[in-house]
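> This is what each chain is made of:
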Amino acid sequence: MLYGYMAYFDAPEKLLAALRALKAKGYRRLEALTPNPVEGVEEVLGGDGRIPWVAFFLGVLGAGLGLFLQVYTTLDYPHNAGGKPLLGWPAFIPVTFELTILTITVGIFLYLLYINGLPLAAHPAVRARGYAEVLLDRYGVFLYATDPRFDPEATRALLEALGAEVEEVRRD
Amino acid sequence: MAKEPHPDRDLIQGEWTERTLVEKLLEPVEKPPPRPWKVVLAVGFALTLAWLYAIFVTFVQGLGTWGINQPVAWGYDIVHFVWWIGIGHAGTLISAILVLMRQNWRDSLNRVTEAMTLFAVLCAATYPLIHMGRPQHFYWVMPYPTHMALWPQYKSPLSWDVLAIMTYLTISTLFLYLGLIPDLALLRERSTGWRRKLYGWLSLGWTGNAVHWQRYRAVYVLLAGLATPVVISVHSVVSMDFAYGLVPGWHLTVFPPFFAAGAIYSGFAMALTLILPLRKWYRLEGVITERHLDWMAKVTLASGLGVAYIYLLEIFIAWYSGEPAEWAQQLWRMTGPYAPYYWAMMLINVVLLQTLWFPRFRRNLTWLFAFSILANVGMWLERFVIVVISLSHDFLPGNFHLYHPTWVDVTLFLGTIGFFLFGLALFIRLFPPIAVAEMVHLFHKLRGH
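Order-wise, the sequence lines are chains A and X. What the first sequence shows, in the working numbering, is residues 1 to 172, in sequence order. What the second sequence shows, in the working numbering, is residues 1001 to 1449, in sequence order.
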């Protein structure tokens, strides 16, 4: 069964141009695979504005939890420390701060894995012979055969016209 | 189209293509290790065993085997705790603060210094644990509902410390791991057997998807922004463990910036101690250039000057406060039985530090290496001055006692150095000591593709 085509480009600019062309032709089921971040890819494939908001929400949550932890434990076990006010809030700032950061860090890391679909056990592109190279020095586009626009001949011709070396990726 | 050459172009020297650069950077992992690596590993392993033995003795025979007593109830253990925590700071500084400042020179240095941070913080964290008289109850420092209906006391900096250190350990581990993921995917595709399995699991199935990369960068910069205040907060909180005490020499509001500056200073010094041999043994001169080392020396100088300033300020404050115990403590440091420690600290951290003003000394790698070790000796002496000397001389002459460390104290220290070297040696054998994906990205930027 044909999984799709892996198209290899030797420069990020060519990859970007190809992605624009493919999008213009109406291809939707495709992934760009690159060895390092390519500037400008978000303009073609869509960026992600959610991360800062999720981080902000996690921060509010962490700060709330940190403050709650200290206020609750202090009220549950009231202890006179040097005659300071029972709920002297300045003393609660360091722990609130650390828990804010801790919550954002752990939360945003898990969120990153979640939106990126990681951990991922298998991916059709890994079957491409040249896959190791898109982690090294080439820029790949993986086009799924399930794309409504996909046509074995026309798609291959289009990719080659865009300057790609095309490899067929099949399930054995 | 002819482009202006990038101003940081010489941060990667030599003729490279992406492929040869990647292969060079993966050499420590893929090629047989050089002889000095084996020596470091063996020495580190032997010292780690000695360390475990000293911990065993501590657990079996108790804290009586250490030199701590009244009034010096915090001895080498806390000296070394603070020393190690401080060393960790350069890793986070290089990886986090320099990301935010878009400093291209960090890319060659961040991985190895982040690993340094991880092992330094691990070493540090062992000291408070084994210093507890009943280490089996270590979890009592955490807030959890107990049948004794007790909670940690959150007005105490010692409680803050627990959360600060744990947050620091978590964020520096995650930051290191996040940076490693793309390199692990590359290694997964290049290796076979158990290594392929290991990298496969650890890389979480990273495919190099360009959209994933964008999100990854966003989270990476975000974590850098969060790690930056954490670096400053951790050593500030550590300093408050002291500043909240009434002991003469501890009770100072200047302690948080004092400790933070000292931490960055000792951290950069340790980074130089590690990077100079690494650069030589693995022939990384093309990616860790003299410019990198020069900048590191300048940061060492800048943070060291902060430390030196506060040494002088401490003398002034002790006199200006009009507090007899403070002034007596200052004189005890300068003229008492511990005076050689104090003056050695002043010699290194105030006088010898000034050599780094001069390019001739900064570019002399032998001096830079020697100074990087001296600076950490100086910072060890500083922590000795603060912890031990202050405690040995408080308010009543009848309480004054000197501190006599035992072989267990010394072995615990040498042991953590061994564990640190052993851990780092294993780390650079399994994981590339220079962030490959970031270096290749930088290579693109500099060579104007």
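Hints listed in this document are in silico derivations from the structure and should not be mistaken for laboratory results. Honestly, I wouldn't trust all of these hints.
To be verified - From chain A, some residues computed to sit far from chain X (all C-beta separations above 12 Å):
id : residue
1  : Leu61
2  : Phe150
3  : Asp151
4  : Ala157
Stated by the list, open to error - Covered, in the sense of this in silico footprint (three residues per stretch, anywhere, with C-beta under 8 Å from a C-beta of chain X), are these stretches of chain A:
id : stretch
5  : 30-37
6  : 44-57
7  : 64-75
8  : 83-91
9  : 122-132
10 : 159-172
The C-beta atom is built at its ideal place from N, Cα and C for all residues, glycine as well.
> Return the numbers of the hints above that this structure violates; sort them in rising order.
Violated hint: only 10; rest satisfied.
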